[in-house]
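> Protein chains in written order, with our numbering: chain G, 2 to 181; chain C, 2 to 181.
In short, the hints are calculated from the structure, not lab data. You can take every hint at face value.
Short, incomplete list of chain G residues facing chain C, as computed with Cβ under 7 Å:
no., residue
1, Gly9
2, Asn37
3, Pro38
4, Thr78
5, Thr79
6, Asn110
This one's a predicted model, so the numbers in the text were calculated from it and none came from an experiment. C-beta atoms are modelled at their ideal positions from N, C-alpha and C, and glycine is treated no differently.
Number of protein chains: 2
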Amino acid sequence: MKFCCQCGAPVELRIPEGDTIPRHVCVSCQTIHYQNPRMIVGCIAEWDEQVLLCKRAIDPRRGLWTVPAGFMENGETTYQGAVRETLEEANARVEIGMLYALYNIPHINQVYILFRARLLDLDFSAGAETLEVKLFREDEIPWDQIAFATVRNTLTQYYRDRRHGEHKFHMGTIEPIKKI
Amino acid sequence: MKFCCQCGAPVELRIPEGDTIPRHVCVSCQTIHYQNPRMIVGCIAEWDEQVLLCKRAIDPRRGLWTVPAGFMENGETTYQGAVRETLEEANARVEIGMLYALYNIPHINQVYILFRARLLDLDFSAGAETLEVKLFREDEIPWDQIAFATVRNTLTQYYRDRRHGEHKFHMGTIEPIKKI
Chain G
2 MKFCCQCGAP
12 VELRIPEGDT
22 IPRHVCVSCQ
32 TIHYQNPRMI
42 VGCIAEWDEQ
52 VLLCKRAIDP
62 RRGLWTVPAG
72 FMENGETTYQ
82 GAVRETLEEA
92 NARVEIGMLY
102 ALYNIPHINQ
112 VYILFRARLL
122 DLDFSAGAET
132 LEVKLFREDE
142 IPWDQIAFAT
152 VRNTLTQYYR
162 DRRHGEHKFH
172 MGTIEPIKKI
Chain C
2 MKFCCQCGAP
12 VELRIPEGDT
22 IPRHVCVSCQ
32 TIHYQNPRMI
42 VGCIAEWDEQ
52 VLLCKRAIDP
62 RRGLWTVPAG
72 FMENGETTYQ
82 GAVRETLEEA
92 NARVEIGMLY
102 ALYNIPHINQ
112 VYILFRARLL
122 DLDFSAGAET
132 LEVKLFREDE
142 IPWDQIAFAT
152 VRNTLTQYYR
162 DRRHGEHKFH
172 MGTIEPIKKI
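Taking the hints into account, I'd like the entire structure generated from these sequences.
So, in structure tokens, the structure goes:
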């Protein structure tokens, strides 16, 4: 951020009075521009013993598989966002169930919020940001081609829970990958 | 938003190609400025049968009571945010427990995320944005002076759960108050 989105004057990075964190503050109108984490909302869409995965048509991680999920929009709830993303990415209709996972990813200022969901019909297809949509049984999941750590962790936990006969809410934090 | 925070040129509101929602797009550098909901993170800090409430020193709802909570910051997790807010507002140290409530407030683009927490000592006091900090038993809670619907709902549910001997995660949506 270099300019004030309210008046167009330059911003400077400084700690406002009464605050503890440097913020972008307009040198002219003094507006403080806060920046906050964003939520990614999505779901594990279930059909019998299968779950719906999407092969990404866009970066990051083009060509890898993920659950339907994306940035939550203003004016919607977390579940409405998950339903919308599933419709956009997989042209699929779901009924949202329990909150299943919340993952913090502090190094990229994101929080993943994933629900369990019931796929309502088999009339799905790839949306504009998706190359392919497919249902997978546990032994068919392409574990080495999953796009994100959040999704890999959630699916691993999901099948572990299923073997134990009880789905529980999971919470965790994803650390950056350390290059050796 | 009137100006591009990257280059200072004016922005216009239009639906970018491949999108479905109007966004602020820079007329010069074409940067698309997305706006997304923000998270409020906080906790129900428990001490025996009491919970910690803060009387707000700032607007909105100055003079009314709430649990320690505030906007989640970049670079932190939801629990770190709840710990930080409790320290800032009540000078109180807590150990975060289970995720207790998630409330969507779509008309103001917010998601409330509240944890149960254990207050670690009684050495608390009002922070800069707080007039007074106090522990309350259920029959002492100032129900008609609670600042926010999310907090009133969460505390109501909290005591109901306690009577049933089991605390469960709660999720809901707060609708705008309709003026008659």
